[in-house]
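In our numbering, the protein residues as written are 28 to 349.
Honestly, I wouldn't trust all of these hints.
Restricting the straight-line Cα-Cα distance to at most 27 Å, the calculated cross-link-like pairs of lysine-lysine (BS3-like) are [what the hints assert, rightly or not]: (1) 124 to 200; (2) 252 to 220; (3) 252 to 287; (4) 220 to 202; (5) 220 to 200; (6) 252 to 200; (7) 287 to 277; (8) 277 to 252; (9) 202 to 124; (10) 229 to 200.
Pair by pair, the computed Cβ-Cβ distance ranges are [as the list claims (entries may be wrong)]: (11) 67 to 307: 33 to 39 Å; (12) 205 to 309: 32 to 38 Å; (13) 137 to 110: 18 to 24 Å; (14) 217 to 78: 25 to 31 Å; (15) 125 to 275: 53 to 59 Å; (16) 107 to 217: 52 to 58 Å; (17) 92 to 217: 24 to 30 Å; (18) 110 to 195: 22 to 28 Å; (19) 168 to 335: 40 to 46 Å.
Just so you know, these hints were derived from the structure itself, not from any lab.
Just so you know, even glycine gets a beta-carbon here, dropped at the ideal spot from N, CA and C.
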Amino acid sequence: MKKTSLLLVLCLACLAIGVSAEQPTSPPDQSPAPNGTQATNLNFPMERVVNPTRSDLNCAGFVSPTRVPDANYIMGGLETPNTTHYGDGEIVYLNGKGYELGRRYSVVRELRDPNRYEMFPGQFAMIRAMGAPYADLGIVRVLDVRGAHAIAEIEFGCSPIVPGDVVIPYVEKAKLPLHPPMLFDRFAPPNGKASGRIVLAKDFDTELGTGMKVYLNLGANQGVKVGDYFRAVRSYETDLHDPVESLSFKASTAEDSQAKPPVLERGMFSGGKGASISVADFPRRAVGEVVVLSTTPTTATGMIVFALEDVHLGDGVELDPQ
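Can you build the whole structure from these sequences, using the hints too?
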């Protein structure tokens, strides 16, 4: 009898543990919804970010407010002139002074966009104010120094290196801490923190998503530091002024059964005696999250680590206190 009672107690205990294990648990560091809101998957989706890799950190590129010195550069390589593009493990020759045996150097390239098309009003003026865009091409290590030249191995390649690419001292990139899952407030109002815009993207891309690199028009002078997270946001008025997105505003939204059909004109539903609704009254929507990989005094390089939809050049960014 005692054995039967003991067995029954053990079974009940196991059942209790199983039920407890099945209970849903909150994700780590999940922030509560603000007062007056109800957290659902629609307005507070779970944000699970992609953490930057070594390649992300060392190949992101940057926009510099001052020109990078170009006295040191790639002369050629072991197979010149038969080979003009160099990658991992290949030997290249460095022109210039100050090279140290065994030291690593970064190879960068000042860029120009061959497709001169302004993606949002004022983009070109913002780029000029930010400075010159540069691509990170790889890391070389000096194997030998002979007079005014050095012989180096490409230790880590991002993109093909060609003669004329600039060689500068390498700075080790700090590894960013892991970001736990959090609620992403899709309709958060402005918080008054540091804000700017996505002005340019790596490889001059225009439609952006998770993992892609972007350049922001604010930097260390505005308190931005490596590891900061920025929320990418967009208003409906921005769509109204976009030459492509604005086409939908010109389409009819009326139904034949409406007694007072509204007319969409210049971003407003103007229905005469009916409703009059302006897109300026629509809530601002958050479209993604950007982590800062590097900064200059006035610019920052970021990586999109979470996106609900396509991120566009010209989208605003605002420091996310999470």
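May I ask which of the numbered hints given earlier this structure violates, with the numbers listed in increasing order?
The structure breaks hints 3, 8, 9, 11; every other hint is satisfied.
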